[in-house]
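Residue numbers (my numbering), protein chains in the order written: chain A, 392 to 815; chain B, 2 to 291.
Think of the hints as simulated: they come from the structure by calculation, not from any bench. The structure presented is a predicted model; accordingly, all values stated were derived computationally and were not measured. Built from N, CA and C at the ideal position, the CB exists for glycine as well. Take the hints with a grain of salt, since some may be wrong.
Said to hold, decoys possible - Pair ranges (Cβ atoms, derived): (1) A:S645 <-> B:T207: 32 to 42 Å; (2) B:K19 <-> A:G500: 11 to 21 Å; (3) A:M694 <-> B:N28: 33 to 43 Å; (4) B:N28 <-> A:K596: 37 to 47 Å; (5) B:E34 <-> A:G429: 54 to 64 Å; (6) A:I640 <-> B:E34: 31 to 41 Å.
These are the residues of each chain, in order.
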Amino acid sequence: MSNIVIKAENISKQYRLGEVGTGTLSHDINRLWHKIRGKEDPYLKIGETNDRTKKGDSDYVWSLRDISFEIQKGDSVGIIGKNGAGKSTLLKVLSRVTSPTIGTVKARGRIASLLEVGTGFHPELSGRDNVFLNGAILGMRKEEIKRKFDEIVDFAGVEKYIDTPVKRYSSGMYVRLAFAVAAYLEPEILIVDEVLAVGDAEFQKKALGKMNDVSKGEGRTVLFVSHNMGAIMQLCNNCLLLENGKLVIYDSTSKVLDRYIESQNTAIEKVMRNGPLEGNHFKFITMSDPDLKERSSYRFDEMISVRLQLSLPKFNNALELAMRLIDRQKRVVSTIHEKLDGYYNGEETIDLLVNIPQEFLTPGIYSWVMCINHPGVELYDLLEDILPFTILETGSDFFRYQGLDYGSVFVKYSINKLLNEKAN
Amino acid sequence: MTQKSVQSAQQDWDLVIKPQNSLFDLNLKAIWEYRDLLVLFVRRDFVAQYKQTVLGPLWNLIQPILTTAMFLLLFGKIANISTDNIDSIPFYLSGITIWNYFSVCLTNTSNTFITNAPIFGKVYFPRLVIPLSVVLSNIVRFGIQFLLLVAAVFYFHFVKGSPLYIAPSWLLVIPVIILMAALGLGLGIIISSLTTKYRDFTILMTFIIQLGMYATPIAYPLSFLGNSRYKTLISFNPLSPIVELFRYVLFGKGTFTPGSILYSIVFTIISLLIGLLIFTKVEKSFMDTV
Numbered sequence: 392m393s394n395i396v397i398k399a400e401n402i403s404k405q406y407r408l409g410e411v412g413t414g415t416l417s418h419d420i421n422r423l424w425h426k427i428r429g430k431e432d433p434y435l436k437i438g439e440t441n442d443r444t445k446k447g448d449s450d451y452v453w454s455l456r457d458i459s460f461e462i463q464k465g466d467s468v469g470i471i472g473k474n475g476a477g478k479s480t481l482l483k484v485l486s487r488v489t490s491p492t493i494g495t496v497k498a499r500g501r502i503a504s505l506l507e508v509g510t511g512f513h514p515e516l517s518g519r520d521n522v523f524l525n526g527a528i529l530g531m532r533k534e535e536i537k538r539k540f541d542e543i544v545d546f547a548g549v550e551k552y553i554d555t556p557v558k559r560y561s562s563g564m565y566v567r568l569a570f571a572v573a574a575y576l577e578p579e580i581l582i583v584d585e586v587l588a589v590g591d592a593e594f595q596k597k598a599l600g601k602m603n604d605v606s607k608g609e610g611r612t613v614l615f616v617s618h619n620m621g622a623i624m625q626l627c628n629n630c631l632l633l634e635n636g637k638l639v640i641y642d643s644t645s646k647v648l649d650r651y652i653e654s655q656n657t658a659i660e661k662v663m664r665n666g667p668l669e670g671n672h673f674k675f676i677t678m679s680d681p682d683l684k685e686r687s688s689y690r691f692d693e694m695i696s697v698r699l700q701l702s703l704p705k706f707n708n709a710l711e712l713a714m715r716l717i718d719r720q721k722r723v724v725s726t727i728h729e730k731l732d733g734y735y736n737g738e739e740t741i742d743l744l745v746n747i748p749q750e751f752l753t754p755g756i757y758s759w760v761m762c763i764n765h766p767g768v769e770l771y772d773l774l775e776d777i778l779p780f781t782i783l784e785t786g787s788d789f790f791r792y793q794g795l796d797y798g799s800v801f802v803k804y805s806i807n808k809l810l811n812e813k814a815n
Numbered sequence: 002m003t004q005k006s007v008q009s010a011q012q013d014w015d016l017v018i019k020p021q022n023s024l025f026d027l028n029l030k031a032i033w034e035y036r037d038l039l040v041l042f043v044r045r046d047f048v049a050q051y052k053q054t055v056l057g058p059l060w061n062l063i064q065p066i067l068t069t070a071m072f073l074l075l076f077g078k079i080a081n082i083s084t085d086n087i088d089s090i091p092f093y094l095s096g097i098t099i100w101n102y103f104s105v106c107l108t109n110t111s112n113t114f115i116t117n118a119p120i121f122g123k124v125y126f127p128r129l130v131i132p133l134s135v136v137l138s139n140i141v142r143f144g145i146q147f148l149l150l151v152a153a154v155f156y157f158h159f160v161k162g163s164p165l166y167i168a169p170s171w172l173l174v175i176p177v178i179i180l181m182a183a184l185g186l187g188l189g190i191i192i193s194s195l196t197t198k199y200r201d202f203t204i205l206m207t208f209i210i211q212l213g214m215y216a217t218p219i220a221y222p223l224s225f226l227g228n229s230r231y232k233t234l235i236s237f238n239p240l241s242p243i244v245e246l247f248r249y250v251l252f253g254k255g256t257f258t259p260g261s262i263l264y265s266i267v268f269t270i271i272s273l274l275i276g277l278l279i280f281t282k283v284e285k286s287f288m289d290t291v
């Protein structure tokens, strides 16, 4: 027997746009009329790819189109893609919340889906009652919950409040309790939507650790949707990349991530100046990887390069190139000063490649301020806030602190434990 | 693609998700697996309703008492409608008790998809668990009101000397209630399936329930209508024989024939079957239209 636990065949999901009203009634009647005559549903033939930015001609869109894949037992599979790519729809189909319009999914073993934490929590009921109710909604038997009850309460850290109605809980406590119930589910297949984006950093760490145990330690199959590349890197061995409802690639996480990062590079900013500029100036600037491939998104563990072309008709030996790296809050991260006389031999233009080491900038958005100047004497060319680029959260630990200010620079520190006699 | 699907058809799968259910894909086994959830929903419905109230479940008694008082005034004193030689208080109370049960079952099950959409949208469990839990949790409420009714019957027997029909035949109350529950459930899930797309039915429900009470012999006995054509009309109401049977069991008086009882039973079974049929069809994709 093969080890495939989920097999999806040509799943497609069609949605109707607009409101339900008399229009839907006439479509329903038309559909029924076709069915009575034994003909195919006329509205399945139409429909467009789900591209929200363009106004479509049809009332129907395909938010999933012909998705086929197989998942092996024990795999943890990440589902990534931009907003509206169909990730959540796919999860909904897999967790039987809604059925596909076309296609089938076959699965082995119990599927538990966690599209939200605290589904069915009743505000008036106590924490204890809600643990049982939520557990049962997620498919646990009562004995199972009873057995794990103490662990669940302990994991959530709400022992003191367990007999208080959950409407009195702080939102953090509420979420912790809700996640704790889900964390103790023991299905063969676990489907998780971005539920880790809740709770404080400490709890996120705990939650992620638990997820890791589930997928790695206990050999269960996990499907995980997230925008958080760091979490995906850490948890998933394979990834599905969706784009406008279509499956682009299904491969090992690192390959899919590369592809995803590539797809993020939609608008690469460049500075190109061909006009008749006098004096020393930048002719061309772009960001690239060390292979000179132009990019605007980089992984945390990747080297970043800036390619510059300078025109220096008024060269003098004191001329400097200054590059100031600024973060999203326009704080200065670092400044580079380089005297240009070592690079210039009287050419019309010179080309430089500036490399920033990997694992230096923390995940976030950055941009540049650049100038050519004669320090203290003359400023020749100044470009402010150019070439924005993104450091993606891949393999850094910072994704756990999303939304918090963790600074812009990653320090490769070392910590040694001092022996007692030395410390005293 | 087709080759692949042929191969996999030979493998054994625990779960197959398809666009559409077969006609009668009622998975009783799945509902049985979720029986704990059913019990917890019943508990939730009952417990949560009386949180932060002082009187708590006592409200279950106050409502029929006040309604009986109103009926007594309106139908008894003002309209002067007979109560089939039954003491008027137990008579009205019996009608109200059984009507309450039916109407609550019907209204609450008919809201199944809309009120539970937030849960249904996030997690799968057999959807039928919810309407079943409604019917069951209301049995608890019915039980409380029924005790009040029994107390009234005894009071009138011992204090006023009215005849008492307490006998093993009282056990017939159980099938009467099951019949009522099944009818409420059947009609309720039909409505709930229709409301997912067209909310018109929600509006319809609110006054159908109100009007339904007058079209059922709740505040008057069927015998009061004599042999007028209104009696034929009211007899078409499948609830009428059930209510009359309920009264017959309790007070020894009621107007029904084996034929009319059979009519109610057949009507109930058919509406339950149609309900299940539509419900299992709608539950797969209602999230897209609700």
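Now the hints, each set against the structure:
Separation of S645 (chain A) from T207 (chain B) is about 59 Å and departs from the stated range, judged on CB atoms against 32 to 42 Å. The hint said 11 to 21 Å for the Cβ distance between K19 (chain B) and G500 (chain A), and at roughly 18 Å that hint holds. Between M694 (chain A) and N28 (chain B) the CB atoms are about 56 Å apart, so this pair departs from the stated range of 33 to 43 Å. At roughly 40 Å, the beta carbons of N28 (chain B) and K596 (chain A) sit within the given window of 37 to 47 Å.
A hinted range of 54 to 64 Å for the beta carbons of E34 (chain B) and G429 (chain A) is inconsistent with their spacing of about 37 Å. In this structure the supplied range 31 to 41 Å holds for I640 (chain A) paired with E34 (chain B), their Cβ-Cβ distance being about 37 Å.
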